[in-house]
Amino acid sequence: MEIQLPQILFQIVNFSVVVGALTYLLFKPVQKILDERSNKIAEAQKAAQAVIEEKDAIETLKKQSKRDAEKAAAAILDEAKKDADVRSQELIQKTQEHGKAQLTKLQAEWQNEKKEMVKELKAQFTDAVIATSAKVLGEKLDSKAHSKLIDQEMNTILKAL
Amino acid sequence: MSQTLADLVAKAEVSSTVSSVGEIFAFGDGIAQVRGLDDVQAGELIDVGNNQFGLALNLEKNQVGVVLLGDTRHLSAGSVVKRTGTILSIGVGDEILGRTINALGQPVDGKPQFPVEKQMLLERIAPGVMTRQSVTVPLQTGIKAIDAMIPIGRGQRELIIGDRATGKTAIALGTILNQADQNMICVYVSIGQKGSTLAQTKQILADRGAMDYTIIVAATAAEPAAQQFLAPYAGLAAAEYFLEQGKDVLIIYDDLTKHAQAYREISLLLRRPSGREAYPGDVFYLHSRLLERACRLNAKYGGGSITALPIIETQANDVSAFVPTNVISITDGQIYLETDLFNAGVKPAINVGLSVSRVGSSAQIKAMKQVAGTMKLDLAQYRELQAFAQFSSDLDDKTKTQLDRGTRVSSILKQGWDTPLKVEDQVVVIYAAVNGYLDAIRVDAIQDWERGYLEYIHSAYPELLSSIVKDLKITDETAEALKAAITSFNNIHPEWQQNG
Amino acid sequence: MSTPVTITTAIELSAKQLDSLAAQLTKKLGKIEVTAVVDPELIGGLKVRVGSREYDGSLQHKLNSVKQQLLAEW
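Protein sequences appear in the order of chains A, B and C. Heads up, the first sequence is in this note's numbering, so the first residue is 1 and it goes up one at a time. Heads up, the second sequence is in this note's numbering, so the first residue is 1 and it goes up one at a time. Heads up, the third sequence is in this note's numbering, so the first residue is 1 and it goes up one at a time.
The shape of chain A in the complex, shown without the other chains (with noise of 0.2 Å):
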């Protein structure tokens, strides 16, 4: 076999264009997308971080938010028990008043009682000592007496007339 120089030059250009041509067309292009790839990830990671930061942030407002909220709650119920002392104070009071009230409205009540019990007997006796006197007087008058008394009455009513 005899070795042609021009067919190994030709060998030659044609490897490199070969070469040139896979640089051109492949090369590029697929070192393109592995380097996006590697941005992208690059990307990704920053915004995971970024997440993680959003996160502990809101944990803590939230211990925050509690923390407050408690305090307030503590603070109502500090309000309500005073009120509610207040407010047990005030209905003993009532009910010690309203006690002593009924007890002299009792005592009251007695009193009018007793007065009705003596003017009742007052009327019983006034009654008894007048019909006592009628009795007396029915018995005990004659008929002089009966004129005179009738003589009497007519002149102090003829002085009506």
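None of these hints come from the bench; they were simulated from the model. Careful, some of the hints might be misleading.
Said to hold, decoys possible - In silico DSSO-like pairs for lysine-lysine, Cα to Cα no more than 27 Å straight-line:
#1 A:LYS135 - B:LYS82
#2 B:LYS111 - A:LYS122
#3 A:LYS148 - B:LYS11
#4 B:LYS347 - A:LYS119
#5 B:LYS11 - A:LYS135
#6 A:LYS144 - C:LYS27
#7 B:LYS118 - A:LYS115
#8 A:LYS114 - C:LYS67
#9 B:LYS11 - C:LYS67
#10 B:LYS376 - B:LYS347
Claimed, not checked - Which bits of chain C does chain A cover? Going by a derived footprint, with three or more residues having C-beta under 8 Å, they are:
#11 40 to 48
#12 65 to 74
Unchecked claim - Partial list, computed: chain B residues near chain C (C-beta under 8 Å):
#13 VAL9
#14 SER16
#15 THR17
#16 VAL18
#17 GLY22
#18 GLY36
#19 ASP38
#20 VAL443
Remember, predicted model here, so these are calculated numbers, not experimental data. Just so you know, even glycine gets a beta-carbon here, dropped at the ideal spot from N, CA and C.
Start from chain A and add chains B and C according to the hints.
Only chains B and C this time, still in chain A's reference frame:
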């Protein structure tokens, strides 16, 4: 016993007396015809013996018709009766408050006689024009529908008219219950009612502490017609005792229909000529002289007032019958109660269209005027639209809103008879209703809403109520605060909101 | 025209007594027509009724008035 009995006997004056006497020649049905009694005065008390009395009502040439006022079993034809010389009057004192008396001024509540400070005549001439003052101070009944749209003032006469069992007495009692802190004395005159009903009324008033400022005059159905006839005048005599002290008095006549019937009975027995519906010719004068004595006196005469709430019972809603038309023309307005409304659940069953108060808004505080000013007109328009309510799906939006608003406002006017509301509570409730804050609430939840709302305002915003009480009007800040309060209350209670 | 007059006494009056009383009354009143009634309840004294006016001078009435005064003052 400042003096002993013996001293008194020694000092006693013993003399003969002259009295004008008469002899009963006819006696029956509570009337005694008497011969004699030559110089008796009209309306004079006649002593018929046994500590009982009669009233000389018919003075004729040869006889006197005496209406008997008590137990008359000891009388017969031939009994001798005497003049007393006193025109009919009752004894009144400051301690009559809380007591129950009959038409003759005698206590009937089992407790001893109260000390009498003055004898008040039952028949008096009403105060003249120059002693009176116009009505400007409100009488708060505690009932939203009345205080907002048919306001009553102190010194006014407002008739409560309706069929039986429509809530007339309930309105009267509710008004008495609301006078607890209003510096009012109340007189409740019961004419011809059942004893059991009166006992219930007394119990309710006593339980709610209203007896401290109330007098009850009782002439129940078992009392003689003469006592039923006199009872309103007796109540008025007691009221005038306090009027002369410059106090404000509320007097309720329950009811004047039975009063007119008792008077008719007496007049027919006295053989006086009868007229329309067999009533005597002076049945108008019977009520006019009673109601004219309810007045407001000017400062020179003490500044007191008597407000009268007469009650009339109609038959089958007939307000054109004789006695109802009489009393309507005498009073300064009427509150008209309807059975249909009552049965439909509207309580108080007030027909706002036919009810009127001729004193009107001069007897309202400015706050109430501000919120209730147009409510009567709005409700009238709502009633006109109600006929279309059955086609509500076919109506335009404006009509539908008006109907919804009207339903809610009518609903908010419903009230339990024994739950009177203070005027500041009424103002905030009506403010919410007329300004549309109820539009989003379900109609059946309105009563709950109102209850919760009042509790909320009382506990969280009491300063709003006290500012209304102090200024007697709604200032701009109060209005803003009230709006905020209502909105926040509505937000707290989504369960009453309408869905969709 | 004679005025009717009723005289009520506690005991029965003799004709002489009645006439003397009637005469005294006639002097004051003119012609009268007297009716005499006996009522032991009066205890003593007499009551004279002229027309519709009654003059009560009986012991019963006096005792009653004393009783009223005592009840009122004691």
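Status of each hint after checking the structure:
1. A:LYS135 - B:LYS82: 26 Å, holds
2. B:LYS111 - A:LYS122: 19 Å, holds
3. A:LYS148 - B:LYS11: Roughly 24 Å between the alpha carbons, so the hint for A:LYS148 and B:LYS11 holds.
4. B:LYS347 - A:LYS119: 51 Å, violated
5. B:LYS11 - A:LYS135: 22 Å, holds
6. A:LYS144 - C:LYS27: 25 Å, holds
7. B:LYS118 - A:LYS115: 22 Å, holds
8. A:LYS114 - C:LYS67: 23 Å, holds
9. B:LYS11 - C:LYS67: 12 Å, holds
10. B:LYS376 - B:LYS347: The given pair, whose Cα atoms are some 17 Å apart, holds under the 27 Å limit.
11. 40 to 48: holds (count 6)
12. 65 to 74: Per the Cβ count (5), the hint holds.
13. VAL9: 7 Å, holds
14. SER16: Result: holds, 4 Å to nearest chain C Cβ.
15. THR17: Holds: closest Cβ of chain C sits about 6 Å from B:THR17, inside 8 Å.
16. VAL18: 5 Å, holds
17. GLY22: 6 Å, holds
18. GLY36: Constraint on B:GLY36 satisfied, holds at 4 Å.
19. ASP38: Constraint on B:ASP38 satisfied, holds at 4 Å.
20. VAL443: 68 Å, violated
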